[in-house]
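Next come the chains, spelled out residue by residue.
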Amino acid sequence: MTGNEFLSGYPAKLMEYALAVGYLILFIPFWRYVQGAKAARQRVAAHAPARAAAPSGLAGWFHVPENVHLHPGHTWARMEQDGSVTVGIDDFAHKLIGRVAALALPEAGGRVAQGEPAIQLAADSKTVGLLSPVDGTVVAVNRAAAEEPGRLEDPYGKGWLFRVKAPRFAANVRQLFSGAAAREWLEGASQALAARLSPQLGHVLQDGGTPVNGIARELDPEHWDEIARTFFRT
Amino acid sequence: MNSNATTAPRTWFRENILLGMSWIDYAKSLLTPFNAICAFICVVGIPLLLYRFYAGLGATTNLSQTQPWGLWIGFDMMTGIALAAGGFTIGAAVEIFNLKDYHAIERPAILTGFLGYLMAVVGLIADLGKPWNMVGIFTYNGTRSVLFEVAWCVACYTTVLFLEFAVPLFEWLGMKRFYQPLRKALLALTVLSVMFSTMHQSALGSLFIIAPGKLYPLWWSQWIYAFFFITAVVAGISMVIVESAISHRVFHAQLVGRHVDADALTLGLAKAGAVVLFAYFFLKLQGVIDAHAWGSVKGFLGAWWLVEMLGFILLPALLYAYGARNRKVKAVRVAAVIAVLGIIVNRLNVSIIAWDYANPNHYVPSWMEIWVSLTLVTIGVLAFRWIVNRMPVLHDPADLAAAGH
Numbered sequence: 125m126t127g128n129e130f131l132s133g134y135p136a137k138l139m140e141y142a143l144a145v146g147y148l149i150l151f152i153p154f155w156r157y158v159q160g161a162k163a164a165r166q167r168v169a170a171h172a173p174a175r176a177a178a179p180s181g182l183a184g185w186f187h188v189p190e191n192v193h194l195h196p197g198h199t200w201a202r203m204e205q206d207g208s209v210t211v212g213i214d215d216f217a218h219k220l221i222g223r224v225a226a227l228a229l230p231e232a233g234g235r236v237a238q239g240e241p242a243i244q245l246a247a248d249s250k251t252v253g254l255l256s257p258v259d260g261t262v263v264a265v266n267r268a269a270a271e272e273p274g275r276l277e278d279p280y281g282k283g284w285l286f287r288v289k290a291p292r293f294a295a296n297v298r299q300l301f302s303g304a305a306a307r308e309w310l311e312g313a314s315q316a317l318a319a320r321l322s323p324q325l326g327h328v329l330q331d332g333g334t335p336v337n338g339i340a341r342e343l344d345p346e347h348w349d350e351i352a353r354t355f356f357r358t
Numbered sequence: 046m047n048s049n050a051t052t053a054p055r056t057w058f059r060e061n062i063l064l065g066m067s068w069i070d071y072a073k074s075l076l077t078p079f080n081a082i083c084a085f086i087c088v089v090g091i092p093l094l095l096y097r098f099y100a101g102l103g104a105t106t107n108l109s110q111t112q113p114w115g116l117w118i119g120f121d122m123m124t125g126i127a128l129a130a131g132g133f134t135i136g137a138a139v140e141i142f143n144l145k146d147y148h149a150i151e152r153p154a155i156l157t158g159f160l161g162y163l164m165a166v167v168g169l170i171a172d173l174g175k176p177w178n179m180v181g182i183f184t185y186n187g188t189r190s191v192l193f194e195v196a197w198c199v200a201c202y203t204t205v206l207f208l209e210f211a212v213p214l215f216e217w218l219g220m221k222r223f224y225q226p227l228r229k230a231l232l233a234l235t236v237l238s239v240m241f242s243t244m245h246q247s248a249l250g251s252l253f254i255i256a257p258g259k260l261y262p263l264w265w266s267q268w269i270y271a272f273f274f275i276t277a278v279v280a281g282i283s284m285v286i287v288e289s290a291i292s293h294r295v296f297h298a299q300l301v302g303r304h305v306d307a308d309a310l311t312l313g314l315a316k317a318g319a320v321v322l323f324a325y326f327f328l329k330l331q332g333v334i335d336a337h338a339w340g341s342v343k344g345f346l347g348a349w350w351l352v353e354m355l356g357f358i359l360l361p362a363l364l365y366a367y368g369a370r371n372r373k374v375k376a377v378r379v380a381a382v383i384a385v386l387g388i389i390v391n392r393l394n395v396s397i398i399a400w401d402y403a404n405p406n407h408y409v410p411s412w413m414e415i416w417v418s419l420t421l422v423t424i425g426v427l428a429f430r431w432i433v434n435r436m437p438v439l440h441d442p443a444d445l446a447a448a449g450h
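So the protein lines, in turn, are chains A and B.
Sequence positions in the first sequence follow the numbering used here and run 125 to 358.
Sequence positions in the second sequence follow the numbering used here and run 46 to 450.
Hints were generated in silico from the structure; no laboratory data involved.
A virtual CB, placed ideally from N, CA and C, is assigned to each residue, including glycine.
Certain hints may be false.
Unchecked claim - Chain B is nowhere near these chain A residues, computed Cβ spacing over 10 Å in every case:
no., residue
1, R235
2, T261
3, A295
4, R320
Said to hold, decoys possible - Output of the computed footprint for chain A on chain B, the stretches with three or more beta carbons under 8 Å from beta carbons of chain A:
no., region
5, 313 to 321
6, 324 to 335
7, 366 to 377
One chain only, chain A, in its complex shape:
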């Protein structure tokens, strides 16, 4: 390399660094643009009423819409358009418990943690807890559902329970079941439940009939709360 070329190395290095930095700056929006298709689909799903999405996701006896993520403790989480995460109990939990007399929810401004108890359902002077599917701060509570637990008949729609600002949602969602995995897992849970059914109840359920609401209470009116706790992991 001659002296002249050696000197020209400095502007060349400057250009190389500028190009590398420019590339990295441009790559971020490019990457987000390319990966954006999935998010766009999720937004569309969030706009649509939850009930409309429900029939597509039949997991045997219990349904699960495409756009919710299920926690193994039978609660669900759904990312909303405004970035908050809605939480509720899944169809399995609803049908297992059946009619609920009272509902205790966390206060707005309170904190919930993934896998920690956050919801209390009461019926027949017994209470059962359910776990929060995500970490975060509660920003809204569905007062209407707390006052009128009949809204749980629509567990993914009107029966939503509270909204959370969930900064760790991306990490939380890895612990949840979505799409085909959610249906598969729910299928497994319904099989575990079917195995517990007594032959007397079997003719209602195992011949393909839809389970009655309040299966746990039908199974064992005295200790239904214990059955529910095994499924809800509380």
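Place chain B on chain A using the hints.
Same frame as chain A, but now just chain B:
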């Protein structure tokens, strides 16, 4: 099908080679315009290939002492090997990165790769002559030579591709004893294929490192081996998109009843293509800065370089991104075609158009060279069609069994 066909004995040969037809019906089924064109190309091309071995390079090509590499190296070898990279790209995605969705396109990708390599090797032999001397590469210990690496890797990888292709081949022949161990060995074979491909795809680029004065500065870079490897990945992804689009149209009957979401796979591949091409565009710019070659962006070759950069790298990158984001499969397919053309343009630029650019008697291939290359591509396409029509390539019997068919 006439009555003669239905009454004839249903032998294995008839079922599996003649697709259940009699000889006469089968011959009639071959009478199509596409086959007529292919037959014409081959009827002229195969004797030309033999003539080259009889009369030598001087009689058939425009090669000279100053231009020893022509179309058979630049197109058949350099381009053919890059376009056949789908085998290792998809193989690695499925077997190593566990992207099982892409399993549906693994077999056609491997078959494309295998036939691509075979045709590239035939093109190489046409260039080298004296095929019996090829054993020399295995006995001569030229470990310092890039060509030695290319020869060994291409030989080893073609063998690996054959073993991977042998899975559907033995399934078709009903030889369970052979294909089951091969099926189990598929992961190991894929690891080997990634290793060999990484080595020789980049080594094909390394061949040009020693000639900075001969190759136009905009294409020469000390990183050219990395560019060759990256473009091989792009070529692999793009060829799989193009090939699966054509397969879907041509072999539609074989895909009935299969629940593979080909559009989702195409869109997934488009994301990969977009990101790799985008990064490659900037790496190429980095190469130009590194080689202090900005001053060469002038004249015909400078303009042609810009066409390659903007039209065949940046444009397909953006089109892939647009297609992937907006779920436009057609846009992705157009991007794939442009990307494939871009790889062909790049390899021809490096090995022919921008090569030996200062020579006033620049090489232009003879019609016989072009015809032989065209013949090899045609044979590859015909072989692909023949195999796909018979062997379980577009469908894996294990998938069907799992689905309860």
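Right, here's what the structure says about each hint:
1. R235: Correct as stated: the minimum Cβ-Cβ distance to chain B is 36 Å, above 10 Å.
2. T261: 32 Å, holds
3. A295: Check passes; 21 Å lies beyond 10 Å.
4. R320: 29 Å, holds
5. 313 to 321: Check passed, 3 qualifying residues.
6. 324 to 335: holds (count 6)
7. 366 to 377: As far as the region 366 to 377 of chain B goes, the hint holds, because 5 residues have Cβ atoms under 8 Å from chain A.
Going down the numbered hints, you'll see the structure goes against none, and every one checks out.
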